[in-house]
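Protein chains: 2
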Amino acid sequence: MGDNTRRLEAVCEKVVEKVRPTADQDKRLREIYNLISGIITKFLSDLGVEASVMLTGSVAKGTHLSHDQDLDIFILFPVEKPLEDIKRLGLEVGERVASELGVKPERRYAQHPYTRLQFRDVRVDIVPAYNTEKGTRIITAVDRTPHHTEYVKKSLSEEQKDHTRVLKEFLRANNLYGTENMVGGFSGYLCELLIHHYGTFPNLVSHARRWTPPVVHVYAPDQIEPCDSPLVVQDPVDPRRNVAAATTTKAFSHFVVLANMFYEQPSEKFFTPIRIDASAETVKRVLSEKGTTLVSVVLERLPPIAEDNLWPQLEKSARYLRKKLVEQGFPVIHTFCWAGQGRAIIFLESQSVSTHPIRFNLGPHITTSWEKQRAYLGKRVSSGDVVAGPYLVGDRWVSETRREEINIVEGVRRILEKGHGLGRQIRKALRGSRVSLDPLEAATSGEVLNTILSEIRRDQLVQRFRVAHGCG
Amino acid sequence: MGDNTRRLEAVCEKVVEKVRPTADQDKRLREIYNLISGIITKFLSDLGVEASVMLTGSVAKGTHLSHDQDLDIFILFPVEKPLEDIKRLGLEVGERVASELGVKPERRYAQHPYTRLQFRDVRVDIVPAYNTEKGTRIITAVDRTPHHTEYVKKSLSEEQKDHTRVLKEFLRANNLYGTENMVGGFSGYLCELLIHHYGTFPNLVSHARRWTPPVVHVYAPDQIEPCDSPLVVQDPVDPRRNVAAATTTKAFSHFVVLANMFYEQPSEKFFTPIRIDASAETVKRVLSEKGTTLVSVVLERLPPIAEDNLWPQLEKSARYLRKKLVEQGFPVIHTFCWAGQGRAIIFLESQSVSTHPIRFNLGPHITTSWEKQRAYLGKRVSSGDVVAGPYLVGDRWVSETRREEINIVEGVRRILEKGHGLGRQIRKALRGSRVSLDPLEAATSGEVLNTILSEIRRDQLVQRFRVAHGCG
Numbered sequence: 007m008g009d010n011t012r013r014l015e016a017v018c019e020k021v022v023e024k025v026r027p028t029a030d031q032d033k034r035l036r037e038i039y040n041l042i043s044g045i046i047t048k049f050l051s052d053l054g055v056e057a058s059v060m061l062t063g064s065v066a067k068g069t070h071l072s073h074d075q076d077l078d079i080f081i082l083f084p085v086e087k088p089l090e091d092i093k094r095l096g097l098e099v100g101e102r103v104a105s106e107l108g109v110k111p112e113r114r115y116a117q118h119p120y121t122r123l124q125f126r127d128v129r130v131d132i133v134p135a136y137n138t139e140k141g142t143r144i145i146t147a148v149d150r151t152p153h154h155t156e157y158v159k160k161s162l163s164e165e166q167k168d169h170t171r172v173l174k175e176f177l178r179a180n181n182l183y184g185t186e187n188m189v190g191g192f193s194g195y196l197c198e199l200l201i202h203h204y205g206t207f208p209n210l211v212s213h214a215r216r217w218t219p220p221v222v223h224v225y226a227p228d229q230i231e232p233c234d235s236p237l238v239v240q241d242p243v244d245p246r247r248n249v250a251a252a253t254t255t256k257a258f259s260h261f262v263v264l265a266n267m268f269y270e271q272p273s274e275k276f277f278t279p280i281r282i283d284a285s286a287e288t289v290k291r292v293l294s295e296k297g298t299t300l301v302s303v304v305l306e307r308l309p310p311i312a313e314d315n316l317w318p319q320l321e322k323s324a325r326y327l328r329k330k331l332v333e334q335g336f337p338v339i340h341t342f343c344w345a346g347q348g349r350a351i352i353f354l355e356s357q358s359v360s361t362h363p364i365r366f367n368l369g370p371h372i373t374t375s376w377e378k379q380r381a382y383l384g385k386r387v388s389s390g391d392v393v394a395g396p397y398l399v400g401d402r403w404v405s406e407t408r409r410e411e412i413n414i415v416e417g418v419r420r421i422l423e424k425g426h427g428l429g430r431q432i433r434k435a436l437r438g439s440r441v442s443l444d445p446l447e448a449a450t451s452g453e454v455l456n457t458i459l460s461e462i463r464r465d466q467l468v469q470r471f472r473v474a475h476g477c478g
Numbered sequence: 007m008g009d010n011t012r013r014l015e016a017v018c019e020k021v022v023e024k025v026r027p028t029a030d031q032d033k034r035l036r037e038i039y040n041l042i043s044g045i046i047t048k049f050l051s052d053l054g055v056e057a058s059v060m061l062t063g064s065v066a067k068g069t070h071l072s073h074d075q076d077l078d079i080f081i082l083f084p085v086e087k088p089l090e091d092i093k094r095l096g097l098e099v100g101e102r103v104a105s106e107l108g109v110k111p112e113r114r115y116a117q118h119p120y121t122r123l124q125f126r127d128v129r130v131d132i133v134p135a136y137n138t139e140k141g142t143r144i145i146t147a148v149d150r151t152p153h154h155t156e157y158v159k160k161s162l163s164e165e166q167k168d169h170t171r172v173l174k175e176f177l178r179a180n181n182l183y184g185t186e187n188m189v190g191g192f193s194g195y196l197c198e199l200l201i202h203h204y205g206t207f208p209n210l211v212s213h214a215r216r217w218t219p220p221v222v223h224v225y226a227p228d229q230i231e232p233c234d235s236p237l238v239v240q241d242p243v244d245p246r247r248n249v250a251a252a253t254t255t256k257a258f259s260h261f262v263v264l265a266n267m268f269y270e271q272p273s274e275k276f277f278t279p280i281r282i283d284a285s286a287e288t289v290k291r292v293l294s295e296k297g298t299t300l301v302s303v304v305l306e307r308l309p310p311i312a313e314d315n316l317w318p319q320l321e322k323s324a325r326y327l328r329k330k331l332v333e334q335g336f337p338v339i340h341t342f343c344w345a346g347q348g349r350a351i352i353f354l355e356s357q358s359v360s361t362h363p364i365r366f367n368l369g370p371h372i373t374t375s376w377e378k379q380r381a382y383l384g385k386r387v388s389s390g391d392v393v394a395g396p397y398l399v400g401d402r403w404v405s406e407t408r409r410e411e412i413n414i415v416e417g418v419r420r421i422l423e424k425g426h427g428l429g430r431q432i433r434k435a436l437r438g439s440r441v442s443l444d445p446l447e448a449a450t451s452g453e454v455l456n457t458i459l460s461e462i463r464r465d466q467l468v469q470r471f472r473v474a475h476g477c478g
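Sequence order for the protein chains is A and B. Add 6 to a position in the first sequence, counting from 1, and you land on the number used in our numbering. Add 6 to a position in the second sequence, counting from 1, and you land on the number used in our numbering.
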């Protein structure tokens, strides 16, 4: 065991060397921040607006990764200022900065709009917020961020900041970092609090191996709102809030399994994404071995929508398509999405390309008024569609109608045409989409092929296991 | 409404004329009873056994139907006599009666064995029981019967006995009479208590139209055992017992619907079973219209088993076959049985003749010890059967294997070969059974064809509705 722990620490040290930004990198980020905050301060002072500029996020906290060049710049306004003014001023500031730097501003939406711009290789977000007192009620969702930044800066040691970086890299390599995608993983702030709680990454790993949900870290249990999350970590800045609220059971379980695998066979390999190199032939062969059908819905022209917002909408659309298809008698067993370069694809894996013949239609209960039951019976009895019944199942009428047997492609097209239940902002894109049974028609890049192969095999954890145990 | 009630009463009167036995019929039954009770009394007195003979059942109560020639003859022993002696003596008496009448005794089993014999056109059951005091705990299940007989004899008026006959005929014509078959319908004693409660058949019908489960008739609510039956009728002879315990929600609901149909369009037609006359061609056409497949499991040689016991076993076997087939990926939507002339058939209606390709296999939870999870992973990863995973669904491992695609006939054969979960006494018969996809191969009589047509159309209530409304 002791030997094992030392190996774990050794791996950890090597990873720190890779993911800790160099002094030069940090100096450069700092210079860019100073340049931009200077522009902002001058602009606001020219306007006579009272506000302060603050660097927040992982760069401010010192928990950023060497390959993560993001600046989160907050403009903090007095709480008395109307929200409309703040939104407007925030966007004006963003445009002024972009114009002075000679780059294009991109308007993005979280709870309220903010500006994103790319300056050289650095992504800069310029976000307006309220300068609230710590511990008081926040006004907008981002008002907590400055307090989180302050809390982490003062609470984590330099070593713990490095260990946070290691944790983030571990999660990132295993698709568990971030909460805004299909994973429902771990946010950066959650990583910082977990390292603060367990002290080091190796200690977190050896505890997480035995995690049984719910895992609860609270200091004021009576103040947190009840929840059924697998992980509950009370926010030191706002005791009502569970920092891990967005972490799904799936992501939690993945982390526990990965902690076990990593603890058993510590290796730097756990910090590198699993590389798969799918060929069209492999994808074809695996589908044929499974005997399933893969339907792809290709959205060629996505509306201008932030990735954080795109994923939930794709996911929602995929869930809706699956639900409707299952209702229509298609045995869909899995859905997954891919997005990139302004395109997106929803994939649906089905056990059959055609529907089952019978559709069960629920009618009234026998406790409904007889007049209604009689009307139902009269209608159904004279309907040519009914192939069996109406009959009673327990205390409820049911009839069977024969489905027009349709191919799943046609089934998907019909659902898309109606468009209800699909992600609102991409409904239009879905309507003009292509639906195909040939996965290779959709797979226009190796990246798409890799996604398909990984999802139809569902073998991300298996791959980690193989790598760890040197088998396969 | 008044007009309607009068029509209802008129129908009721006409039915009474048909179902009330003639004086000659009753005289004949009485003579046969006297003959048999004489034989029994003499036999027991020769043996020096203290016991009395009693006529029980519907003939004794005066609620029997003209076409129902059954005598239930009870031999009542003192409560001190050991059960083994009673069982032995009961069978000896049965044999003696059969021998003196020159007929063949049939040994049958309820909770304990009794003798059935056919004398001319009368079915005679000779049943040993304990002569318990009314209101005291019974020893065997049949000990209540004499008390039920006494209760009904003294409580029902002659008119109410006739109305009980009408109710029984109504239920019988609609497959709701009796509790020992697939219907889970209304027992004779329940019919008598319902008529006692509502006074007349028309009054029962007009109340039953608005029945909302649970319908509760109790006089000592604290004494009855809690149950979730749709109908609760406390036994006047044993307050712990719900006389309607065996009545299913399905049978209850059928009765409510039929009460509405009959009330609305009173007609003698409701007292005649729906006649269907199925041809092989009709059965073929309906199946082809539905697009479903009908598998028949034909049991050519049934063991000597009473019909009351055969039905539950057939039903159990059908349920088991369905469950197993669904597990194996066959979309079975309906099962039904037929039995007659020493043969029985289990029918399975399926949406497809072949399985779906993927089987989902559940593995351990992530809270299981890592050693067990690792062993599971190691085994699954090296297995050639796995086509996807293992992966996590929530906090549980799942893997996908490809099913060998098989035809439903082969699927049924494999389940029958194993034989677990099938009705114990017919397991042997099932093993030597034929399994066929051709419904006409099994349909060796018009009666079987009628059963098939009625079940694949599931239209018994629809037919009643059509007849009542003169449509179709």
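Check the hints yourself; a few may be wrong.
[What the hints assert, rightly or not] Each pair of labels, with its calculated beta carbon distance range:
| no. | chain 1 | residue 1 | chain 2 | residue 2 | range |
| --- | --- | --- | --- | --- | --- |
| 1 | A | E377 | B | I282 | 27 to 33 Å |
| 2 | A | E19 | B | E377 | 26 to 32 Å |
| 3 | B | L443 | A | E377 | 39 to 45 Å |
| 4 | A | R216 | B | V359 | 47 to 53 Å |
| 5 | B | V359 | A | N315 | 43 to 49 Å |
| 6 | B | G400 | A | E416 | 28 to 34 Å |
| 7 | B | R420 | A | N315 | 47 to 53 Å |
| 8 | B | E377 | A | P84 | 44 to 50 Å |
| 9 | B | C233 | A | N209 | 33 to 39 Å |
| 10 | B | E15 | A | N413 | 56 to 62 Å |
Derived by calculation from the structure, the hints in this document are not laboratory data. Backbone N, C-alpha and C fix where the C-beta goes; we use that ideal spot for every residue, glycine too.
Cβ separation of E377/A and I282/B, checked against the hinted range 27 to 33 Å
Holds, since E377/A and I282/B (Cβ atoms, about 29 Å apart) stay within the stated range.
Quick check: does the Cβ-Cβ distance between R420/B and N315/A fall within 47 to 53 Å? Holds, since R420/B and N315/A (Cβ atoms, about 51 Å apart) stay within the stated range.
May I ask you to test the hint 39 to 45 Å on the CB atoms belonging to L443/B and E377/A?
44 Å, holds
| task | Given the hint of 43 to 49 Å, check if V359/B and N315/A actually sit that far apart at their C-beta atoms. | result | 46 Å, holds
**Assessment of proposed distance window 44 to 50 Å (beta carbons of E377/B, P84/A)** = 59 Å Cβ-Cβ, so the 44 to 50 Å window is violated.
Practice problem: Confirm or reject the claim that R216/A and V359/B have a C-beta distance inside 47 to 53 Å. | Solution: With a Cβ separation near 49 Å, R216/A and V359/B satisfy 47 to 53 Å, so the hint holds.
Requested in this report: Just tell me: holds or violated, for the beta carbon distance of E19/A and E377/B against 26 to 32 Å?
Outcome: Given about 28 Å between the Cβ atoms, the range holds.
(Q) Against the range 56 to 62 Å, how does the distance between the Cβ atoms of E15/B and N413/A compare: consistent or not? (A) 59 Å, holds
Given a hint of 33 to 39 Å, does the C-beta separation of C233/B and N209/A actually sit inside it? 56 Å, violated
**Cβ distance range 28 to 34 Å for G400/B and E416/A, holds or violated** = Given range 28 to 34 Å: holds, Cβ gap about 33 Å.
The structure is inconsistent with the numbered hints 8 and 9, although it conforms to all the rest.
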